[in-house]
Amino acid sequence: MQWISQLVILLLLFCSPAFAASQATVASDNCVDCHTEDQYQQGFTSSVHGLNGCTSCHISLPNQEGHPVSASNTSQIDCGRCHRAEEAAHATSVHQSAELGCKDCHLEIHTQRAWNGVKQTAVDICQTCHSIDDYTKSIHGQAVASGNQDSAACPDCHSMHAVQATSTLSLNQATKVCIGCHDDSKKMARNGVPFGRVKSFVDSYHGKSYSLGSTKPAAGCADCHNAHLVLPESDPASSVNSANMVTTCAKCHPAATPLFTKFYAHGDEHDSKNYPVLYWTFLGMTGLLVGTFALFWLHSVLWMFRGFVDTRQKLAAQARGEGEVIPAAHKQYRRFSKRHIFFHIIVIVSFLGLSLTGLPLKFSDQAWAETLMSFFGGVELAGLLHRACAVLTFYYFLAALLMTFDFLFISKKPKGNWLQRLFGPDSLMPNFKDLRDLNGMIKWFLFRGPLPKFERWTYWEKFDFLAVFWGMFAIGGSGLMLWFPEFFGQFLPGWVFNVATIVHSDEALLATGFIFTVHFFNTHGRPGKFPMDFVIFNGRISKEEFIEERGAQWERYQKDGIIEEFEVSKPSHIIYEFIMKSFGFLAFFTGLALAFLMFVAFITGR
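Mapping of the sequence shown onto the numbering used here: position 13 corresponds to residue 92, and the numbering continues sequentially without gaps.
Keep in mind that the hints were calculated from the coordinates and are not lab data.
Any given hint could be a false lead.
As the list claims (entries may be wrong) - Once the Cα atoms are required to be at most 27 Å apart in a straight line, the calculated DSSO-like pairs of lysine-lysine come out as:
| id | residue 1 | residue 2 |
| --- | --- | --- |
| 1 | Lys352 | Lys266 |
| 2 | Lys512 | Lys660 |
| 3 | Lys441 | Lys492 |
| 4 | Lys410 | Lys441 |
| 5 | Lys410 | Lys278 |
| 6 | Lys491 | Lys522 |
| 7 | Lys410 | Lys649 |
| 8 | Lys441 | Lys278 |
| 9 | Lys660 | Lys541 |
| 10 | Lys266 | Lys216 |
| 11 | Lys441 | Lys352 |
| 12 | Lys522 | Lys532 |
| 13 | Lys660 | Lys608 |
| 14 | Lys492 | Lys512 |
| 15 | Lys393 | Lys278 |
All figures in this text were calculated on a predicted structure; none of them were measured in a lab.
Based on the sequences and whatever the hints tell you, model everything.
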């Protein structure tokens, strides 16, 4: 094994700096006998390549006396023999495409000094070919010139060797460069730059599009602040100075007005001092969310437990041969008309479409959000689908208004004037009976009374219906503002769009969370209905369900002698039933999956 140890010693010897220096000296001394210029005799040995011999680079010289250095042998100099990573990066660069090699930037190769990370050195090299007047005037260029190594120089944005053509840079690539520095809290603190601008950008529509990989030119950092002439807002020449904001915004929004530019590009709803309107809007919407979910989730939990106990008691009574026996219990009665079924299907399609395309934007930091966006073909196509579903929503809302007008003023049923119809038992307008039912329901939850006898519409169904009107004002109104900002920017200040974003986002979260949890439980998940109530798809309810769930309506119809008018004798077509049940299950489990993903987002999100 002695030969192995001797080989290791030889390898260490040949690789040591002292050995390399001695070999370099011999080789260089031989060369400088002829090459007497100062750059070779003095500059080379103290350069970054000084420990190398001349033949480390000039490896192929003509075999003739004097071996003059010609184009043929200089072209064989291969910097990549030592600088492999740099060569690989340069091979993909725009410089390589332009046939610019190492020596075009590293001009004094024989006297090259280590740059030691001094950014101004790189800037000086770049400006030998490029006009960088805008950069040198910018806050970045001035900071680098003063010796601030935190500030951005050419290589920080364009890279050192893998320089790409600006025409090929995507929005994401350009913006990612800015985020890389401005998301560094320590660096921002050292330089007195406000931290949090990255988060406010990422939380905006422009930033969410960036996070989800948008390929369409949604505004990135450079679109507002410029790529090279980055100046503080107070500078009259700055693109974000108040005097220049209309021009800056008009690059993307041609109809921008001075009012439009009042938009808070980096508005923070958690900052009560600088953005009080956003802060109080956010606080109000958060209170609405927490209050609504706390109240209705408690209602659902109490109902779940009481319903479970009630079901067990009924089964035990049936096993003992006790309990009321309802004759013809499975006889069918019509609850919904065909147009009710049609519009409910429209509601399901539009609501699920809005949820599937909107929630990924709301939770853009989640991996599942990007997957969903990719499924829809990207942010742009998902946006088109979102707006198409919004149009469906406006359609069924208008239909609901027309049906309400018909119910109050045109239809002959039920009897009475419009005021009697408005507060009557067939109306969806809340009345005093709903208060009594709610009180009775709470007593039933607490085992202090019987289950109330409900009319055609329960208090929770009326809440669902009226929530559509509030939702159309909150979600629909804010959505229209965000859909047509240039139009509304003609007469509304831009900060209204910040408010609209908060309202649209949080109200949509309230709607989806409520529908996929509370509404799903009230309609499909409660004891006796799980896994699904298909009444909205076939419009029918059994006699047993009619009496147990809507006893007051059954008694009223019997008293008025109209119960026979609602009997259904002919069953639904089997193909229709199969299609509707399949659609119902697909919609139901899609909603549950989205509810789960929303829960995951709250647990793991930023």
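Query - Structure-inconsistent hints, enumerated in ascending order - result: 2, 3, 4, 5, 6, 15
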